[in-house]
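**Q** Sequences are here, hints too, so could you generate the full structure?
Below, each chain spelled out in residue letters.
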Amino acid sequence: MTVETELDRTAMLADFGECITFYPLNAPVRTVKCIFDNIYQEVESGMSVGISMQQPRILCTSSDINGVAEGDSLIRGNTTYIIRVMMYDGIGMTELMLEKQ
Amino acid sequence: MAHVRQQIRDYVITLLTGLSTTGANVFSHRYYPMSDATIPGIIVYTEDESQSYQTMGQDRTIKHELTLRIEAFVKSVSNYDDTLDDISVEIMNALSPNRKLNGLAKDTRISTFSSAGEVGGEQPAFMGRFDIQIIYHTKESDPETAV
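For the protein sequence lines, the chains are A and B, in the order given.
The first sequence lines up with residues 1 to 101 when you count with this note's numbering.
The second sequence lines up with residues 1 to 147 when you count with this note's numbering.
Incorrect hints may have been included.
[To be verified] Computed list of lysine to aspartate or glutamate pairs in DMTMM-like fashion (alpha-carbon distance at most 25 Å, straight line):
{"id": "1", "chain 1": "B", "residue 1": "K63", "chain 2": "B", "residue 2": "E140"}
{"id": "2", "chain 1": "A", "residue 1": "K100", "chain 2": "B", "residue 2": "D10"}
{"id": "3", "chain 1": "A", "residue 1": "K33", "chain 2": "A", "residue 2": "E18"}
{"id": "4", "chain 1": "A", "residue 1": "K100", "chain 2": "B", "residue 2": "E118"}
{"id": "5", "chain 1": "A", "residue 1": "K100", "chain 2": "B", "residue 2": "E140"}
{"id": "6", "chain 1": "A", "residue 1": "K33", "chain 2": "B", "residue 2": "D81"}
[As the list claims (entries may be wrong)] Some chain A residues near chain B, calculated using beta-carbon distances under 7 Å:
{"id": "7", "residue": "D37"}
{"id": "8", "residue": "E42"}
{"id": "9", "residue": "G46"}
{"id": "10", "residue": "M93"}
{"id": "11", "residue": "T94"}
Worth flagging that the hints you see were computed from the coordinates, not collected in a lab.
Every value quoted in this text rests on a predicted model; they were computed, and no experiment measured them.
Ideal Cβ placement from N, Cα and C applies to all residues, glycine included.
**A** The following block contains the structure:
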């Protein structure tokens, strides 16, 4: 059972989201309202020090990215990203782990 | 002067500075994370050292067996393993003609190489680690001079 409704999700994306264009290989190109996040992350390297990186991710409704698959690209501003991992929460939202090109 | 161990570390850093792939991104004993400004890059530091006495008497000769570690860092969306191997070639080409390290060492041997990948951030990172065994001698009264 979910706590939030589809309306809650739509309102959240309307307030905090931005329009990002997806270019799926096997589905129509579309512009979707998403929340983009790019927090700092020190990646463990297994060596003497880690690596400073950003961690680009997108949160959107699962229905908005129907037909989008891992390996597809999207463009935010002047930067192209490849979708590497799609993390469905099972109740309507999907987080995408991105690779900066 | 400085301890021969430091002289060896400094000399290896000199040898590895300016390689085609890593350029000036060569660091000694780094404590902060590597970043876009320092990758592709190399970290050089010394680890364990065992010592044994080679002579008897008042001022004995010490044989030092030092492990020097070289870590290489690559970050890219493709060919990261090839880039790491390019760095490996450049490191070996720099070290192999200089295995006596300008008179500081008796011998230098690459003993192990290991690599690992990580995908926690915006691009895959690939790392390689060389363990280098270096043998050098000093007198116990003078650790700043190789003999």
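**Q** Hint by hint, where does the structure go against what was stated? Just the numbers, ascending.
**A** 2, 5, 6, 7, 10, 11
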